[in-house]
Amino acid sequence: MKKSLLALAVLGVFAGAASAQSSVTLFGIVDVNARYVKHGNTDAVKQLGTDGINSSRLGFRGVEDLGGGLKAGFWIEGAMSPDTGAAAQTWQRRSTVSLMGGFGEVRLGRDYTPTFWNLTVFDPFGTNGVGSSLNLFVAPAALATSVFTGSGAATLVRASNTIGYFLPSGIGGLYGQVQVAAGEGVTGNKYMGGRIGYAAGPVDVAFAYGQTQVGSDDKLKTWNLGASYNLGVAKLTGFYSNANSDFFGGVDGVDVTQTNWMLGAVVPMGQGEIHASYNKASGKDDADGLSAKQLAVGYVYNLSKRTALYAQYSRITNELTAFSVTAGSVAAFDDKSSGAEFGIRHSF
Amino acid sequence: MKKSLLALAVLGVFAGAASAQSSVTLFGIVDVNARYVKHGNTDAVKQLGTDGINSSRLGFRGVEDLGGGLKAGFWIEGAMSPDTGAAAQTWQRRSTVSLMGGFGEVRLGRDYTPTFWNLTVFDPFGTNGVGSSLNLFVAPAALATSVFTGSGAATLVRASNTIGYFLPSGIGGLYGQVQVAAGEGVTGNKYMGGRIGYAAGPVDVAFAYGQTQVGSDDKLKTWNLGASYNLGVAKLTGFYSNANSDFFGGVDGVDVTQTNWMLGAVVPMGQGEIHASYNKASGKDDADGLSAKQLAVGYVYNLSKRTALYAQYSRITNELTAFSVTAGSVAAFDDKSSGAEFGIRHSF
Amino acid sequence: MKKSLLALAVLGVFAGAASAQSSVTLFGIVDVNARYVKHGNTDAVKQLGTDGINSSRLGFRGVEDLGGGLKAGFWIEGAMSPDTGAAAQTWQRRSTVSLMGGFGEVRLGRDYTPTFWNLTVFDPFGTNGVGSSLNLFVAPAALATSVFTGSGAATLVRASNTIGYFLPSGIGGLYGQVQVAAGEGVTGNKYMGGRIGYAAGPVDVAFAYGQTQVGSDDKLKTWNLGASYNLGVAKLTGFYSNANSDFFGGVDGVDVTQTNWMLGAVVPMGQGEIHASYNKASGKDDADGLSAKQLAVGYVYNLSKRTALYAQYSRITNELTAFSVTAGSVAAFDDKSSGAEFGIRHSF
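So the protein lines, in turn, are chains A, B and C. With this note's numbering, the residue at position 204 of the first sequence is 204, and numbering never jumps. With this note's numbering, the residue at position 132 of the second sequence is 132, and numbering never jumps. With this note's numbering, the residue at position 166 of the third sequence is 166, and numbering never jumps.
Derived from the structure by calculation, the hints contain no laboratory data. Be careful, since some hints might not be right.
Which copy is meant is left open, because identical chains are indistinguishable; a pair holds if it fits in one copy or across any two.
[Claimed, not checked] Derived pair list, reagent style DSS-like, types lysine-lysine, alpha-carbon separation capped at 30 Å:
hint, residue 1, residue 2
1, K219, K305
2, K46, K305
3, K71, K293
4, K305, K71
5, K280, K71
6, K280, K336
7, K305, K336
8, K305, K38
9, K284, K46
10, K219, K38
11, K305, K284
Using the sequences provided together with the hints, build the complete structure.
In structure tokens, the structure reads:
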């Protein structure tokens, strides 16, 4: 009985003309921390940081049952900056409309790229905070130290103007998706890629491939493989990523390959969890010799399902590179970059 | 009993101190399509388009019963761009506060202009998508091909800083409104206008007049007449619009008149609907000889009240003009412009 | 029974995984008025104004019961501009996450500064509209007439990147808070301050101190004292504020002190209220001789708890200063500035 009242309430609040099976959800996350960052020999900087273990966000999503096994859904979600509140609210984290059924899901709009999923799902830090695996993917400026930044591709995490298809769930642990993104005349936006994975019991493994138009005849081609194995006392995770572009820094024929690999673990301890990862990035071809390492550890204490306290530390060692533990700051070439965060994450 | 629970829920969610008759509604639309656009002899462009049959939006609105037949209400609604999610959320589609009662409604804020209603209500495409009647009102750039664009008036669709009055419903089919907008020192913003109409049985007919300050002593004066008749098997619609300004392209004394007329039809077919319209724009006085035609057809299939699939096609023939089927792209003078959209519209 | 259904509904709508004690609230205010402003001998300007008696806003807030007397909460709230709808939605009015318990509250994010509270709480106009006490704190441009504007401090009302602590309620009428804000390299942002007060029966009195980094070695130091006494037939209020900076207009060593005091009253009359205040600002030290006065009266008629109509008038007399009754317009030095507002405030 309680359930039907609940559905009724949802209906009443949000959609006068909706059918009884509908629901719309407001959701969000506020993640704020006290952060200390140090690059090379410069003084440590104290900040009120955000997004330590989850990206701060605000969103609305809903699903409508169309009958006959068919559903329609929407999802709009944008970033928030609770340290200053200053960022204009957009819906750039995701804005999609979907048709879903036994055939799977067709999704249109702005969405994550298939190639991003293996990086974030298998990263013990979920590509957030000072220990994010993405720290060794994105150069603070468009330096020769990152094939993703230097090639001008805008599709490392998300793409606009996409049409995607997802396999249905319940086909023996298999999952997968394909996606195309219209470039609409903007270099670095045109993308196509796919991902195929298998999850059953303690095992989860997935492969993804994607390519982005970065010059008139040039593509950033990237593939990655991620996996995790749950031992119970700990979940071990890892990924390997390879990305190549011969259009780099605006110059055709400069051939840069970047490989990244990560090994990590999540160890549950009562209401808490220890997270740890080791990341390594290497330049090849015209970026030969460039190298960076990141070691990160963290502890998350869950006050509830929605609210957690956390502490985490990360340190990057650059070798001809200039990666940083925070997106906002630039480390000099060959410098170390380290950071610590003590924060709270609250979901709603 | 269900109804009272529903009201209770609404109350609980949104307004702790509200009276029991209150309600606040979150609402929105996500409309995304695969679009093909072609101008003259240039290659067709593939896009992920939006707003094919309805403008994508997010909004909140509510009504409070003040007792004694008096009500207060608010409405904030802004555009969304689900193809990229990039547009900052504003409330420029409408942001108003109202007092309502037996006397009608007094409304303050940003709102549609009275002169816009006849264009959108009687357009089978609701002034959305490649077949929108507005395509022949708004020049892609401020060319001599549109008196609305060229005069610098910002009031074709909406006005800021308005005070409006609406007749109450239930006065024998009569409806109407008047509106004034403070210019606040911005040329093209100061507006006053009104609309009067009659709807009963199969008939709906309305007349509107408005004038916008476009120079120190100059006004864009516009009037239009719209009507529809529902035959049952089809609803026939049409409008005629006349707009004149003798301040054009920043020059006083350039006298431009533009007339637009439209004939259209909506034919219901089970869960679907066929939409069709023919639009013609003509320049007069200093814009004599300019002319453009648009022919548009579409099919909407309703999966539910909230969700629809659609396909539509439109083609503009320019004669000394440069109108386009999409706001984002510019057709050369005398070029044809055509576009097709295949999409989904989901309301919440 | 009704109460449990209500909680259930809240839960269902907003937080699938939430515990039953949780709630999330959407809230907001739309405040729009017809405003007349006149500076010196210039013509009166007619505007559709906003924020006459309350700042227009949109927000979401929630509290989660973590058990054991501990709670987590969030609050995001941003301004709205219902006259034009044009402002991009941000959350700059407040964006915080909190841990609350018997110990009080720890709050992180963007929040009001402790020194602001005495100015707004004891102002009969709540620092809103043409009669706001802030009118004599903020110069329309960075003139030598305001130590707050001229010193470059950005912390008169709010600060970003703050960590704050609030005393718990229920400790014998005592209340208080302290706050530090990380500057993060931006001059005028680094702040620390506190406030301590006592409220019991008809009495409320509070003292606050704050200092903001405005030069490499320079601080804006401000303290204020506010109080109110409720006689029943009227509530009398007042504050005194002293602010000093020897870094002014970008020049080190220019020593400016500004004092402001206010006396006011709120007189309840059935469903209505009369508000009145007298403000005086005086420059000292290098701003010696500068002076401004403001006299303001208003009447608010409450149609309900959420909706009110209001009329108010304010007049500023400048003496070597250039303060204005509206933030958007600049009065010449020594000019009078006056304004009247007739509006509606609707909360949701």
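Here is what the structure says about each hint:
no., hint, verdict
1, K219 / K305, "neither (42 Å within a copy, 43 Å between copies)"
2, K46 / K305, "within (29 Å within a copy, 44 Å between copies)"
3, K71 / K293, "neither (45 Å within a copy, 39 Å between copies)"
4, K305 / K71, "both (28 Å within a copy, 13 Å between copies)"
5, K280 / K71, "neither (42 Å within a copy, 40 Å between copies)"
6, K280 / K336, "within (14 Å within a copy, 55 Å between copies)"
7, K305 / K336, "neither (35 Å within a copy, 58 Å between copies)"
8, K305 / K38, "neither (32 Å within a copy, 52 Å between copies)"
9, K284 / K46, "neither (36 Å within a copy, 36 Å between copies)"
10, K219 / K38, "between (36 Å within a copy, 26 Å between copies)"
11, K305 / K284, "neither (43 Å within a copy, 56 Å between copies)"
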